[in-house]
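**Q** Residue numbers (numbering that gives the first Met the number 0), protein chains in the order written: chain A, 0 to 96; chain B, 0 to 96; chain C, 0 to 96; chain D, 0 to 96; chain E, 0 to 96; chain F, 0 to 96; chain G, 0 to 96.
Just so you know, the hints here were simulated from the structure itself, not pulled from any lab data. Idealized CB from N, CA, C, for every residue including glycine. Take the hints with a grain of salt, since some may be wrong.
Said to hold, decoys possible - The calculated BS3-like cross-link candidates involving lysine-lysine, where the alpha carbons are at most 27 Å apart (straight line), are: (1) K1/A <-> K76/A; (2) K47/E <-> K47/F; (3) K76/A <-> K76/G; (4) K96/A <-> K39/G; (5) K86/A <-> K69/B; (6) K47/C <-> K39/D.
As the list claims (entries may be wrong) - Negatives, chain F to chain E, calculated, CB over 10 Å: (7) L5; (8) A6; (9) S42; (10) P45; (11) E61; (12) G62; (13) N73; (14) E74; (15) K76; (16) D78; (17) Q80; (18) E81; (19) K86; (20) E95.
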Amino acid sequence: MKIKPLADNILIEGVKQEEQTKGGIILPTSSEKDRPEQGKVISVGPGKIDSSGNIIPMEIKEGQIVLFTKYGPNEIKVDGQEFLIAKQDDILAIIEK
Amino acid sequence: MKIKPLADNILIEGVKQEEQTKGGIILPTSSEKDRPEQGKVISVGPGKIDSSGNIIPMEIKEGQIVLFTKYGPNEIKVDGQEFLIAKQDDILAIIEK
Amino acid sequence: MKIKPLADNILIEGVKQEEQTKGGIILPTSSEKDRPEQGKVISVGPGKIDSSGNIIPMEIKEGQIVLFTKYGPNEIKVDGQEFLIAKQDDILAIIEK
Amino acid sequence: MKIKPLADNILIEGVKQEEQTKGGIILPTSSEKDRPEQGKVISVGPGKIDSSGNIIPMEIKEGQIVLFTKYGPNEIKVDGQEFLIAKQDDILAIIEK
Amino acid sequence: MKIKPLADNILIEGVKQEEQTKGGIILPTSSEKDRPEQGKVISVGPGKIDSSGNIIPMEIKEGQIVLFTKYGPNEIKVDGQEFLIAKQDDILAIIEK
Amino acid sequence: MKIKPLADNILIEGVKQEEQTKGGIILPTSSEKDRPEQGKVISVGPGKIDSSGNIIPMEIKEGQIVLFTKYGPNEIKVDGQEFLIAKQDDILAIIEK
Amino acid sequence: MKIKPLADNILIEGVKQEEQTKGGIILPTSSEKDRPEQGKVISVGPGKIDSSGNIIPMEIKEGQIVLFTKYGPNEIKVDGQEFLIAKQDDILAIIEK
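Just chain A, same shape as in the assembly (with noise of 0.2 Å):
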């Protein structure tokens, strides 16, 4: 099975991050903290059509590690496995390790 995405959308894995307190105790997380804002592009659309009908062409790449505003991409489950779908215009920056 492949999820492909249309025009300017972006298939993310997404990170979710632990809570740690600095001497090292993982607290429980509300599921608010719990909404991924970092993941991994698994897929990029081929980019969203302009007024002229030409395509613009999308800055991420697959497998780059991006960061998003929490609310802006959709939640979406296909066979039980969560993914996030972004636009473009949502992914705020790339972290490069």
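Given the coordinates of chain A, assemble chains B, C, D, E, F and G onto it according to the supplied hints.
**A** Positioned in the frame of chain A, the structure of chains B, C, D, E, F and G alone reads:
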């Protein structure tokens, strides 16, 4: 009887996802979880007309399995059968199996 | 008396759907379910004027059976008779029988 | 005294509809039902100016009976008399008797 | 002291309408009814600048009696005196007496 | 320290109006009444850039006394001192004394 | 690790302002007051692409101290460190010290 979508509307037969625990027990789902976010395309409108009067051709084709935002499409009942009608922009991705 | 829609307005006689169980018993419907989402086109406006001053011709024709969003059209009462007035964009599909 | 509408404003004398049962008994109407959705055009503005500086001529003429959205027009009281002022886009249809 | 409106702003001295019954008794008015929807134009801005950089001349002139939407204009207090500042689009009609 | 506004932003020192009865007694004002709608322009941004890439020059000048909408400007505190930052469109009028 | 902002996004390290009375006593601040409206620019995106496909260069530079609207920027946490990501339009002014 045939339902012919107008403009960039897409007629979809929604697929409701069964909520299943890892151990295989199917839990009763709340009505919100019942709302489909995946479906099979039944028929596709001719495309929206742009500001110059040209038709923007549709990317989605009949028979495709599509992912969409849970609350984007309209729920419509015709002759007792439930359908979804989505705009092409509500379609996030195509699932190829 | 004749009601002549303006611009891209469409005059519709709504069809209320009876809620019927599989066993054939007609259940009393709530007022929300009563709101039609299907109707017969009585008359059609000449079309909206675009930014260059040209009329955009209407795709919907008199006599067609149309599907529309439940809360898109305006409910209007003239001489005791109820009508719906929808914009062409509120029409999702045509039903051919 | 004369009220001269500006731009695409239309001065309307609203017609309140009496709620009458099939048997002919006039029921007390709630204030919401009182709000008119039909009226007689008293005077019409010269038309909105488009982005090129040209006036878009008005389709509505003085004396016409018009249908409009219940909450679109502004209610205005001048010298104790109630009027409605609607934009041309709020007018849905003309009633010819 | 002189208040000079900018762009398409219009400085108005509001006229509060006294609520009077048919028999001539003046009823105490609620503060909402107190809000004026009629006033005298004190001064007029030079006009809004369009997208080509040209000033769109104002139709409203100093001294005119105008009708406006009740909640459109801004209420402003300068040196203890109350004024309204409306955009030209908030002006619905001119009253000629 | 110097605060340099960007684009069409205007740095304003707000003037709070004392609520005074006709007899001269100063009443305690609620915090909402405290919010200024008048102020002195401290500095002015270079102007917004239009869609062709040209700067739209500012009409407001340093030192002017301006009237603005009560809730339009942003309240900003720098080194303990309170300022307002308004867009030029939030400025309704200039007061000349 | 490096965070590279996209389009017109700006990575900012927020500066929280301590609430201090005139007598020098630091008061406990509410979490709303804690939200920074001032910060240091860490890195700047390449700029938004306009409708003709050209990049609009950024005015904000790395290292600048900027003022922004309290609720405009997104709060982002990467590897336990808190950042703000603002659009260039959210930046109201630059502070030169």
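**Q** Determine for every hint whether it applies to the structure shown.
**A** Okay, the hints, checked on the actual structure:
Distance check on the hinted pair: K1/A and K76/A sit about 13 Å apart at the alpha-carbon level, within 27 Å; holds. Proximity of K47/E to K47/F is assessed by CA-CA distance (about 15 Å); at most 27 Å being required, the pair is judged to hold. Only pairs whose Cα atoms come within 27 Å are accepted, and K76/A paired with K76/G is accepted, the gap being roughly 25 Å. Pair hint K96/A plus K39/G holds up; C-alpha atoms about 22 Å apart against a cutoff of 27 Å.
For the suggested pair K86/A and K69/B, the alpha carbons sit about 16 Å apart, so the restraint of at most 27 Å is met. About 23 Å separates the Cα atoms of K47/C and K39/D, which keeps this hinted pair within 27 Å; it holds. Distance check for L5/F against chain E: the nearest CB is about 20 Å away, which clears 10 Å, and the non-interface claim stands. The claim that A6/F lies off the interface holds: its Cβ sits roughly 16 Å from the closest Cβ of chain E, which is beyond the 10 Å cut-off.
Against the 10 Å criterion, S42/F stays outside the reach of chain E, whose nearest CB is about 18 Å from its own CB. At roughly 16 Å, the least C-beta separation between P45/F and chain E is larger than 10 Å, which holds for a residue marked as non-interface. Residue-level check passed: E61/F sits 16 Å from the nearest beta carbon of chain E, beyond 10 Å. For G62/F, the condition that its CB be more than 10 Å from all CB atoms of chain E holds, with the nearest at approximately 15 Å.
Distance check on N73/F: its Cβ is at least 17 Å (rounded) from any Cβ of chain E, clearing the 10 Å threshold; non-interface status holds. No beta-carbon of chain E is positioned within 10 Å of the beta-carbon of E74/F; the least distance is around 18 Å. Listed as a non-interface residue, K76/F keeps its Cβ farther than 10 Å from every Cβ of chain E; the least gap is roughly 25 Å. Chain E leaves D78/F outside its interface by the beta-carbon criterion, the shortest separation being 30 Å against a cut-off of 10 Å.
Even its closest Cβ contact with chain E, about 25 Å, leaves Q80/F beyond 10 Å, as expected for a residue assigned away from the interface. For E81/F, the non-interface assignment is confirmed: its Cβ lies about 20 Å from the closest Cβ of chain E, beyond the 10 Å cut-off. Against chain E, the non-interface label of K86/F holds: every CB pair exceeds 10 Å, the least being about 12 Å. Look at E95/F: its CB is around 5 Å from the nearest CB on chain E, not clear of 10 Å, so calling it non-interface is violated.
Comparing the model with each earlier hint shows a violation of hint 20 alone; every other hint is respected.
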